[in-house]
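Trainee: Produce the complete structure using the sequences and hints provided.
Read off the chains here:
There are 2 protein chains.
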Amino acid sequence: MSLVLDPRAQDLLFREARTANAFSAEPVTDEQVQAIYDLVKYGPTAFNQTPLRIVLVRSAESRERLVDHMAEGNKAKTASAPLVAILAADNEFHEELPALLPHFPQAKDLFFSERPVREQSASMNAALQAAYFIVGVRAAGLAAGPMTGFDFAGVQKEFLDDDHTPLMVVNIGKPGEDASFPRSPRLDFDQVVSTV
Amino acid sequence: MSLVLDPRAQDLLFREARTANAFSAEPVTDEQVQAIYDLVKYGPTAFNQTPLRIVLVRSAESRERLVDHMAEGNKAKTASAPLVAILAADNEFHEELPALLPHFPQAKDLFFSERPVREQSASMNAALQAAYFIVGVRAAGLAAGPMTGFDFAGVQKEFLDDDHTPLMVVNIGKPGEDASFPRSPRLDFDQVVSTV
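Residue numbers (the numbering used here), protein chains in the order written: chain A, 1 to 196; chain B, 1001 to 1196.
No wet-lab data here; the hints were simulated from the structure. Be aware that one or more of the hints could be misleading.
[Claimed, not checked] Straight line, CA to CA, 20 Å or less: simulated EDC-like cross-link-like pairs of lysine to aspartate or glutamate:
#, chain 1, residue 1, chain 2, residue 2
1, A, K75, A, E158
2, B, K1108, B, D1163
3, A, K174, A, E16
4, B, K1174, B, D1011
5, A, K108, A, E95
6, B, K1157, B, E1119
7, B, K1041, A, D190
8, B, K1108, B, E1095
9, B, K1174, A, D6
10, B, K1041, A, D6
11, B, K1041, A, E16
12, A, K174, A, E31
13, B, K1157, B, E1092
14, A, K174, B, D1006
15, A, K157, A, E119
16, A, K108, A, D163
17, B, K1174, B, E1016
18, B, K1041, A, D11
19, B, K1075, B, E1177
20, A, K75, A, E61
21, A, K108, B, E1072
22, B, K1041, A, D188
23, B, K1157, B, D1068
24, B, K1075, B, D1151
25, B, K1108, A, E72
26, A, K108, A, E119
27, B, K1108, B, E1119
[Said to hold, decoys possible] Under 8 Å between C-beta atoms, here's a sample of chain B residues computed to sit facing chain A:
#, residue
28, T1019
29, Y1037
30, V1040
31, K1041
32, Y1042
33, R1053
34, R1058
35, E1096
36, L1101
37, A1127
38, S1184
39, R1186
40, F1189
Note that CB positions come from ideal geometry on N, CA and C, so glycine has one too.
Mentor: Below you can see the structure in the form of structure tokens.
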């Protein structure tokens, strides 16, 4: 075995973890979300930027508004998941850079003075953080159901603002019955990795 | 404890894992890279797309060519790391979708017939996969040193083609002496997470 990570942890995070489309009724608490965040906040990003923002959609009224913007095939599971989170990228993340990168506070002005540069960096690095978050949901013994099938402009208008771009909506909870499709194939190592 | 992942695994992947800027001389084998890929290939993406491509820069001549395109502050560590990988997004990933999503082969033509849509999807989902890869490097007991400080057009021209966009270059190996800066601060839970 070339991995040092415990095989049960490999299973929990990757091999047996599955995207869930149905959930049990068991709630997901704020304490669980905090434990997830306090673990995955250490995942690396460029210049230690932290563009990921997480909106927990908890009230019945907010949940209804969100479901309205989901694609037809995503409505039922978004309506019934114990917790739904909107993950977004903060395009004004550079304001926090001097605090987050104390040994190189000039990075804010040297690299991120232009909005299009910031938008690209925010979207890339928030995506890295979204992946860490999904791994963290699994580390909490929960299943994630990440979705990109929704009206992005509608979700931005209802739940965010011009400075925050939605990335994905994630259903979170304990998997219910028939929660997952059969595992789809993956590309082989030789289709993905080359050597020069 | 709200997490079910073993605390030692939490440390290995997030809490004690650090971005490395210096490495020991111990080589990183192809078997290790294969074990990493065979674990993290299960990380979820939209439509099960697999846009991430990994170029292992192994020959001395290739390493020199890559170092030429790195930013000044990244040259020395890229020259000396046991292994360097270029992570890229395949903008023609849709060709594989019918094989990767056998229950919904129409997704290829329904959603990804236009190149700009593919480029955005490839870059977002390859970023998710890059984050899973970094977690996998750590699962192998190695340290990753991801970098975006390089000439993207130059690296694309030298090592890729018009259909493949570089995302980052990652140094990989066992950390050497003084491998990491002191841990920089992270945003608090309340700065990142809100509830509606």
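Trainee: With reference to the structure, classify each hint as holding or not holding.
Mentor: Right, here's what the structure says about each hint:
1. A hinted pair counts as satisfied when its Cα atoms are at most 20 Å apart, and K75/A with E158/A qualifies at roughly 16 Å.
2. A distance of roughly 17 Å separates the Cα atoms of K1108/B and D1163/B; the hinted pair therefore holds under the 20 Å criterion.
3. For the hint linking K174/A to E16/A, the alpha-carbon distance of about 14 Å falls within 20 Å, and the restraint holds.
4. Distance hint between K1174/B and D1011/B is fulfilled; the C-alpha atoms sit about 16 Å from each other, no more than 20 Å.
5. The hinted pair formed by K108/A and E95/A meets the criterion: a straight-line CA distance of about 7 Å does not exceed 20 Å.
6. Distance check on the hinted pair: K1157/B and E1119/B sit about 17 Å apart at the alpha-carbon level, within 20 Å; holds.
7. Of the pairs offered as hints, the one joining K1041/B and D190/A holds, with about 12 Å between alpha carbons and a cut-off of 20 Å not exceeded.
8. Distance hint between K1108/B and E1095/B is fulfilled; the C-alpha atoms sit about 7 Å from each other, no more than 20 Å.
9. Only pairs whose Cα atoms come within 20 Å are accepted, and K1174/B paired with D6/A is accepted, the gap being roughly 19 Å.
10. Between the alpha carbons of K1041/B and D6/A the distance comes to roughly 17 Å, so the proposed pair stays at or under 20 Å and holds.
11. Simply put, K1041/B and E16/A have alpha-carbon atoms about 12 Å apart, close enough for the 20 Å limit, and the pair holds.
12. For the hint linking K174/A to E31/A, the alpha-carbon distance of about 15 Å falls within 20 Å, and the restraint holds.
13. Among the hinted pairs, K1157/B with E1092/B is consistent with the structure: their alpha-carbon atoms are about 17 Å apart, no more than 20 Å.
14. Between K174/A and D1006/B, the direct Cα distance comes to roughly 19 Å. Compliance with the 20 Å bound is thereby established for this hinted pair.
15. Restraint check: the Cα-Cα separation between K157/A and E119/A comes to about 17 Å, which is no more than 20 Å; the hinted pair holds.
16. This hinted pair checks out: K108/A and D163/A have alpha carbons roughly 17 Å apart, not beyond 20 Å.
17. About 14 Å separates the Cα atoms of K1174/B and E1016/B, which keeps this hinted pair within 20 Å; it holds.
18. This hinted pair checks out: K1041/B and D11/A have alpha carbons roughly 13 Å apart, not beyond 20 Å.
19. With a CA separation close to 18 Å, the supplied pair K1075/B and E1177/B stays within the 20 Å bound.
20. Pair hint K75/A plus E61/A holds up; C-alpha atoms about 15 Å apart against a cutoff of 20 Å.
21. For the given pair, K108/A sits about 19 Å from E1072/B by alpha-carbon distance, which is consistent with the 20 Å threshold.
22. The straight-line distance between the Cα atoms of K1041/B and D188/A is roughly 9 Å, inside the 20 Å bound, and the hint therefore holds.
23. Taking the CA atoms of K1157/B and D1068/B, the gap is near 13 Å; set against the 20 Å cutoff, the hint holds.
24. Note on K1075/B and D1151/B: the hinted pairing holds, with a Cα-Cα distance of about 12 Å set against a maximum of 20 Å.
25. Proximity of K1108/B to E72/A is assessed by CA-CA distance (about 19 Å); at most 20 Å being required, the pair is judged to hold.
26. For the suggested pair K108/A and E119/A, the alpha carbons sit about 14 Å apart, so the restraint of at most 20 Å is met.
27. As the CA atoms of K1108/B and E1119/B are separated by approximately 14 Å, the hinted pair is consistent with the 20 Å bound.
28. At a threshold of 8 Å, the smallest CB-CB gap from T1019/B to chain A is about 5 Å, leaving the interface hint in force.
29. With its C-beta approaching chain A no nearer than about 5 Å, Y1037/B sits inside the 8 Å limit, and its interface hint holds.
30. Contact between V1040/B and chain A, as hinted, is supported at the beta carbon level, the nearest pair being about 6 Å apart and thus within 8 Å.
31. For K1041/B, the suggested interface contact is upheld, since its CB lies about 4 Å from the closest CB of chain A, less than 8 Å.
32. A hinted interface residue such as Y1042/B counts as satisfied when its beta carbon comes closer than 8 Å to some beta carbon of chain A; here the least separation is about 4 Å, so the hint holds.
33. Because the smallest distance between the Cβ of R1053/B and any Cβ of chain A comes to about 6 Å, under 8 Å, the interface hint for this residue holds.
34. Here the hint on R1058/B is kept, as its CB sits about 5 Å from the closest CB of chain A, short of 8 Å.
35. Checking E1096/B against chain A: minimum C-beta separation of about 7 Å stays under 8 Å; hint holds.
36. Taking 8 Å as the C-beta cut-off, the interface hint given for L1101/B holds, the closest approach to chain A being about 6 Å.
37. Checking A1127/B against chain A: minimum C-beta separation of about 4 Å stays under 8 Å; hint holds.
38. Interface hint at S1184/B: satisfied, since its Cβ lies 5 Å from the closest Cβ of chain A, which is below the 8 Å cut-off.
39. A distance limit of 8 Å between C-beta atoms decides the matter here; for R1186/B the minimum to chain A is near 4 Å, and the interface restraint holds.
40. For the restraint placing F1189/B at the interface with chain A, the shortest Cβ-Cβ distance is roughly 5 Å, inside the 8 Å limit, so the hint holds.
Violation of the numbered hints given earlier is absent; every hint is satisfied by the structure.
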